[in-house]
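4 protein chains.
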Amino acid sequence: MTDAEALADRVRDGDLRFHELEDHADADTASAARRLLVEAQSGASLDAVGDYGFPAEQADPNIENMVGAAQIPMGVAGPVTVDGGALSGERYLPLATTEGALLASVNRGLSVVDGAGGARARVTKSGMTRAPVFSVADIVEAEALVSWVRDNEPALKEAAEETTNHGELLDVTPYVVGNSVFLRFRYDTKDAMGMNMATIATQAACDVVEAETTASLVALSGNLCTDKKPAAINAVEGRGRSVTADVTIPRETVEERLHTTPEAIAEINTRKNLVGSAKAGSLGFNAHVANVVAAMFLATGQDAAQVVEGSNAITTAETTPDGDLYVSVSLASLEVGTVGGGTKLPTQSEGLDILGVRGGGDPAGANADALAEAIAVGSLAGELSLLAALGSRHLSSAHEELGR
Amino acid sequence: MTDAEALADRVRDGDLRFHELEDHADADTASAARRLLVEAQSGASLDAVGDYGFPAEQADPNIENMVGAAQIPMGVAGPVTVDGGALSGERYLPLATTEGALLASVNRGLSVVDGAGGARARVTKSGMTRAPVFSVADIVEAEALVSWVRDNEPALKEAAEETTNHGELLDVTPYVVGNSVFLRFRYDTKDAMGMNMATIATQAACDVVEAETTASLVALSGNLCTDKKPAAINAVEGRGRSVTADVTIPRETVEERLHTTPEAIAEINTRKNLVGSAKAGSLGFNAHVANVVAAMFLATGQDAAQVVEGSNAITTAETTPDGDLYVSVSLASLEVGTVGGGTKLPTQSEGLDILGVRGGGDPAGANADALAEAIAVGSLAGELSLLAALGSRHLSSAHEELGR
Amino acid sequence: MTDAEALADRVRDGDLRFHELEDHADADTASAARRLLVEAQSGASLDAVGDYGFPAEQADPNIENMVGAAQIPMGVAGPVTVDGGALSGERYLPLATTEGALLASVNRGLSVVDGAGGARARVTKSGMTRAPVFSVADIVEAEALVSWVRDNEPALKEAAEETTNHGELLDVTPYVVGNSVFLRFRYDTKDAMGMNMATIATQAACDVVEAETTASLVALSGNLCTDKKPAAINAVEGRGRSVTADVTIPRETVEERLHTTPEAIAEINTRKNLVGSAKAGSLGFNAHVANVVAAMFLATGQDAAQVVEGSNAITTAETTPDGDLYVSVSLASLEVGTVGGGTKLPTQSEGLDILGVRGGGDPAGANADALAEAIAVGSLAGELSLLAALGSRHLSSAHEELGR
Amino acid sequence: MTDAEALADRVRDGDLRFHELEDHADADTASAARRLLVEAQSGASLDAVGDYGFPAEQADPNIENMVGAAQIPMGVAGPVTVDGGALSGERYLPLATTEGALLASVNRGLSVVDGAGGARARVTKSGMTRAPVFSVADIVEAEALVSWVRDNEPALKEAAEETTNHGELLDVTPYVVGNSVFLRFRYDTKDAMGMNMATIATQAACDVVEAETTASLVALSGNLCTDKKPAAINAVEGRGRSVTADVTIPRETVEERLHTTPEAIAEINTRKNLVGSAKAGSLGFNAHVANVVAAMFLATGQDAAQVVEGSNAITTAETTPDGDLYVSVSLASLEVGTVGGGTKLPTQSEGLDILGVRGGGDPAGANADALAEAIAVGSLAGELSLLAALGSRHLSSAHEELGR
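Chains as they are written, first to last, in numbering that gives the first Met the number 0: chain A, 0 to 403; chain B, 0 to 403; chain C, 0 to 403; chain D, 0 to 403.
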């Protein structure tokens with residue numbers, strides 16, 4: 000009987016609880032015991048899940064009740080030259096995905112972008128938010144709370160920043176709905192995606208609010224943050240990084256390599272990404288930015304649930320006065336970090352290394368900015384490639400060949 | 000010199016192209032050669048990425064330019080008893096994530112749900128969509144096209160269904176904006192998520208439209224589908240599965256195990272998930288459904304970019320006339336499949352096995368329905384747990400302990 | 000002492016109630032008495048308000064507690080030639096507004112449209128909706144209710160149509176959120192805007208639902224109608240009439256009369272009406288359609304609160320292959336009628352007469368269709384004129400001259 | 000032959016143009032001539048339209064091509080006691096509408112509110128916006144423009160404020176989408192609604208931007224303002240006044256006068272106004288605020304097209320710890336003024352007099368604040384009354400009796 004079997008038996012006997020195994024064995028044994036229990040209950044074999052390539056203990060900050068790992072195929076696209084505010088030079092982009100044809104599409108786009116001299120990219124706004132909701136008696140108290148907040152932002156800043164070594168509170172914006180008052184705290188979280196940092200700092204600030212006013216904290220997140228939900232407040236005001244990548248592609252390149260014209264791409268973009276999304280009541284005016292965001296998030300240890308906000312993106316395409324093609328992608332709320340979260344896991348940190356953005360940047364925040372720019376460039380390539388494919392009517396045949 | 004090194008050299012020499020290596024070597028060697036090239040270009044080590052646990056050839060339908068795999072920690076929560084339309088009995092739920100505290104939170108929620116007799120779940124609407132956009136001369140032609148479509152739906156159905164063994168065209172809905180006409184095709188794609196099936200079938204139908212009318216196809220996807228963008232059309236009309244899970248929890252359980260009250264949870268849900276999301280201009284009226292959707296998508300081979308639509312969910316909480324707690328989560332547009340896409344990969348198919356929903360269901364579609372119900376139940380647990388945590392003000396301290 | 004003074008005294012004495020005066024005097028005297036009371040309370044003089052041009056009794060279906068009338072200046076723009084599905088020939092458009100420069104702007108636009116041979120217009124979808132919300136025990140009952148509704152639509156249709164001479168129930172669409180079930184009833188209400196007709200018919204259908212199922216009616220309107228609120232469901236699916244007007248204007252006309260180019264107008268439309276509205280999280284992708292909708296609503300006795308849904312409009316502008324300008328406006332949810340509501344009031348019915356659409360049409364519904372087309376043409380002219388003004392940078396100077 | 004007939008003949012002869020008649024006769028004669036021409040063209044009689052109660056010249060700032068006036072029945076509801084930030088004491092509320100039952104509904108609501116001691120009301124945010132869109136070469140220039148704006152806000156403020164005696168530029172917020180840069184200028188426009196003031200001032204600021212940077216002005220309004228379109232940016236950030244009214248009503252009053260309970264009203268509000276609007280993809284989480292906004296706008300000379308933004312309102316209802324009913328209405332973007340626009344017209348200025356808010360306030364802005372609070376209180380009464388009516392299932396029968 001192996002250690003794992005023995006551990007599993009103790010759970011069956013009611014001696015141990017399923018989620019407490021790490022207290023009674025090393026993490027790998029605990030994980031193995033859990034697989035045995037799940038296999039017995041479900042009839043599944045978990046051999047592949049159990050064949051993970053890192054000490055289970057290393058995933059301790061990232062998961063509980065671990066049974067192993069999901070393996071997502073990873074590839075690279077590029078290389079592409081980037082002229083960014085934080086990222087400069089030539090890079091391969093790592094993408095992890097199970098959607099056939101995606102990587103080929105991005106790769107084709109990057110090749111055309113690179114042939115045009117590369118992509119420009121800039122982070123135009125930055126800040127991670129957390130927005131607690133307080134209840135007050137009525138609108139008279141709500142107004143008083145708003146005034147108090149405006150007068151006491153320094154005290155809130157002091158309390159919030161005591162909880163963090165790196166984070167800075169940038170501003171606090173109040174929103175009033177009846178006797179609910181939402182305070183949207185916005186932080187510079189440097190190279191961290193920053194959700195946990197913002198949560199902890201905001202709790203400290205909320206303690207001050209509760210101590211000094213009549214307001215009562217209802218929820219540390221009041222959904223005006225907005226985290227992991229599609230929300231106009233993020234699309235309009237941004238969250239994490241607001242980042243744009245763009246490129247100008249000579250007409251000849253469009254015609255010879257993409258087999259279409261600047262005019263056709265501009266028309267498709269208008270009818271599909273602008274008018275179509277308008278009619279759909281959408282917050283995403285793009286073709287498939289989420290594909291690239293998801294794949295690069297998985298490859299670099301980002302939070303997969305934040306693909307939601309990452310998809311708040313607008314693609315534009317136009318013919319320049321010289322007859323060339325200008326394409327841009329602006330992601331309003333890309334939440335990324337190069338420290339913390341999943342970034343320390345082995346495959347994910349290697350993903351960051353491919354981009355040269357692992358860990359804290361110099362200056363602080365520069366690596367997360369660079370990661371944001373890289374994702375924007377990948378998104379730009381994906382948009383360009385898909386628009387061109389639609390233009391030349393390749394979509395379904397590409398899937399027939401590659402997507403299977 | 001290994002085969003991979005030799006292959007890499009041929010790329011450096013300009014003899015082979017980076018994305019064509021699989022034509023000149025087996026998939027694992029090609030992947031190894033690519034790692035060498037990327038390592039040389041970036042300075043990264045890709046040992047962990049290269050330590051994947053399946054033959055690279057097996058990922059051929061899922062990725063191009065493969066260099067290895069990202070490994071995402073996987074755990075299980077539960078077990079929980081489900082009373083579903085397609086899924087019945089006790090199940091562990093598999094989740095792959097890098098966000099510490101998530102799995103513990105879902106597990107705590109499932110434990111409470113299970114203690115209350117389990118969760119109910121039902122798929123209330125189903126259908127995968129693809130919406131091409133056509134251009135016409137003017138509104139007179141647009142009106143004529145709409146009439147033609149209404150009169151010729153059988154012909155479109157016949158053309159579309161000739162391309163697929165399993166799919167059925169359910170209906171075609173026209174939308175007009177000036178001289179752009181969007182036709183939203185909706186299919187029953189059984190156990191497949193169905194995006195590719197719908198794309199190919201719709202192309203065939205579009206060929207008929209172009210042959211029989213004056214309309215010209217601009218893009219096979221006109222963004223009214225809407226795929227991988229937050230869009231009201233999905234939140235309102237659904238896409239993939241519309242699925243709800245709910246549970247009634249005795250007051251005593253709420254008080255003793257969650258350390259709060261039905262009234263407190265109902266109030267938090269109203270101020271945060273309803274009023275807060277309303278003020279945020281959101282399409283997601285929930286706390287963190289995307290977390291569970293993302294983690295279960297990764298564990299079961301779903302498309303990570305479709306977490307976007309998965310987050311179109313509404314959570315409700317109320318005190319019942321008996322003083323107990325009723326909680327529900329309704330996901331409007333959960334796009335899932337148990338065949339195709341990433342579901343055949345080794346770890347992902349084991350994830351499906353944990354739920355007992357791998358492959359085609361009986362009747363066809365039943366497995367994908369069951370997967371949708373399982374994700375809804377996991378989401379319900381996540382919502383319950385987070386609302387309770389907010390209620391008892393544990394959020395930031397939980398992250399301090401678990402999230403790190 | 001006049002009759003009105005005597006009546007006012009009886010209110011002051013507590014002998015009569017302010018809102019019951021019509022039970023004790025003719026409507027004009029009641030109105031006069033009310034003015035006396037309001038003047039005394041507020042210090043205001045209500046001479047102008049009291050100087051209305053119709054017997055107060057005639058407004059009895061339209062208002063309670065009447066004190067007089069607001070007078071809104073009315074003008075006409077045009078005439079313009081319309082090639083519509085229901086409206087053909089040359090028309091002046093009546094507009095009532097207090098916004099200086101609006102009428103001149105529409106007039107300029109119509110003049111250009113007319114010079115280009117007139118506008119095309121078509122109603123592409125039609126139907127007035129009412130969506131009650133029911134509560135059920137849980138998702139199992141919700142699913143059962145949805146099934147019941149699908150199986151019993153004929154019974155609902157019969158009950159609904161018994162309450163109306165003209166209305167027809169077109170379809171019923173269920174939407175489920177937890178233990179709330181919304182049923183969206185859609186009616187053909189012919190020449191009536193139809194909100195009241197739909198409400199009464201839906202109440203009858205709800206009685207059947209309550210009698211035959213376990214569902215309990217919570218509210219006859221569950222806000223999925225959606226009436227008088229901005230809502231994507233209307234922008235996507237339509238409510239009232241979905242109507243488009245468009246026009247093709249020769250390049251020479253654009254240059255000579257509008258002092259700009261097709262390219263400039265197309266670019267402004269893209270950056271402002273499409274990209275700008277996208278970034279604003281808007282449901283209205285137009286410049287100022289609401290201005291025309293509001294002014295024509297006031298001139299023809301429509302419900303001013305429904306300007307909200309009327310503003311769900313998308314404007315497109317493009318250069319045609321021949322180098323001319325194509326402009327369209329598509330209003331998704333224009334709720335109009337030519338019978339009932341305010342249409343019988345003297346000035347409003349004259350407004351309808353200017354368009355030749357007063358009362359019931361032949362066939363039934365044709366007059367309301369024609370009114371919708373007229374408003375769409377007016378909107379088109381307003382869009383064209385404003386886009387051109389922006390193009391030639393006239394906006395602020397126009398307001399300096401005309402807007403005052 | 001009258002002067003008007005002579006004037007009309009000159010138009011028929013091609014001697015004068017239809018829109019230039021005021022240059023050749025007094026305004027009343029011009030209006031009469033125009034009626035003759037329209038009557039001849041359309042066959043309509045315009046006697047009622049021509050029977051307006053003010054010198055046509057007085058409407059010169061408000062309309063062009065005048066033919067007369069639309070008369071909208073006006074009534075009053077109340078009186079109600081208001082505890083506002085700017086409005087205090089007892090007021091009748093003037094409403095002009097053609098929708099039967101509306102005034103009675105508001106009146107019933109106000110009566111209950113007044114019986115509960117009156118309503119509280121507060122303006123919580125204020126500012127009129129105008130957002131021009133500029134084009135730049137690419138994202139590098141876009142970033143440079145954003146930096147320039149942040150560094151040069153004083154210069155923009157100086158230029159903007161030179162154009163106005165009263166207005167103050169509060170702030171300028173940049174938004175970037177590719178090579179389009181939107182600058183949202185926000186002004187304190189005191190007692191004016193301020194759209195024209197903001198437009199003129201922003202033009203002056205744009206001249207500075209164009210003179211000092213490479214940016215080119217595309218449109219003085221880039222739709223991020225957002226004026227007269229439903230838009231999340233207004234619902235989230237406000238435009239004009241953000242104003243809330245609320246009230247606490249004793250349980251006995253709810254039961255005796257409204258024939259329902261606090262719990263029933265809270266449940267209806269949740270299922271209809273929150274969950275229903277959520278499912279509808281709405282920006283309006285209320286029952287019929289637009290009705291009151293429209294009616295009070297018409298009665299007080301506001302811009303009827305801005306009812307659109309006025310409908311961005313959230314209604315909340317809850318049972319207090321004491322078992323009473325708390326109801327609130329928060330209007331995010333109510334655009335009102337007591338000077339300029341239609342406020343000087345005779346009936347409209349009397350409407351303002353009923354509220355005691357005509358003309359400039361003391362301090363400046365106080366009258367517009369007071370008007371906003373009055374409209375919020377009217378909206379609150381309308382919401383309360385409708386929710387109660389739904390609660391006691393009176394809606395359709397009320398329409399049968401009153402709405403006709």
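Just so you know, the hints here were simulated from the structure itself, not pulled from any lab data.
There's no promise every hint is true.
Below, simulated SDA-like cross-link-like pairs (lysine to any residue); rule was C-alpha separation at most 25 Å, straight line [to be verified]:
1. A/LYS343 with A/ASP361
2. D/LYS124 with A/ASP361
3. A/LYS124 with D/GLU142
4. D/LYS124 with A/HIS23
5. C/LYS156 with B/ASP82
6. A/LYS156 with A/ALA210
7. B/LYS343 with B/PRO60
8. A/LYS156 with B/THR172
9. C/LYS124 with B/GLU142
10. C/LYS343 with D/GLU142
11. C/LYS124 with C/THR162
12. A/LYS124 with A/GLY360
13. A/LYS124 with D/GLN40
Verification of the hints:
no. : hint                   : in the structure
1   : A/LYS343 with A/ASP361 : holds, 18 Å
2   : D/LYS124 with A/ASP361 : violated, 40 Å
3   : A/LYS124 with D/GLU142 : holds, 10 Å
4   : D/LYS124 with A/HIS23  : violated, 57 Å
5   : C/LYS156 with B/ASP82  : violated, 34 Å
6   : A/LYS156 with A/ALA210 : holds, 15 Å
7   : B/LYS343 with B/PRO60  : holds, 10 Å
8   : A/LYS156 with B/THR172 : violated, 53 Å
9   : C/LYS124 with B/GLU142 : holds, 10 Å
10  : C/LYS343 with D/GLU142 : violated, 57 Å
11  : C/LYS124 with C/THR162 : holds, 24 Å
12  : A/LYS124 with A/GLY360 : holds, 18 Å
13  : A/LYS124 with D/GLN40  : violated, 58 Å
Checked against the numbered hints above, the structure breaks hints 2, 4, 5, 8, 10 and 13 and satisfies the rest.
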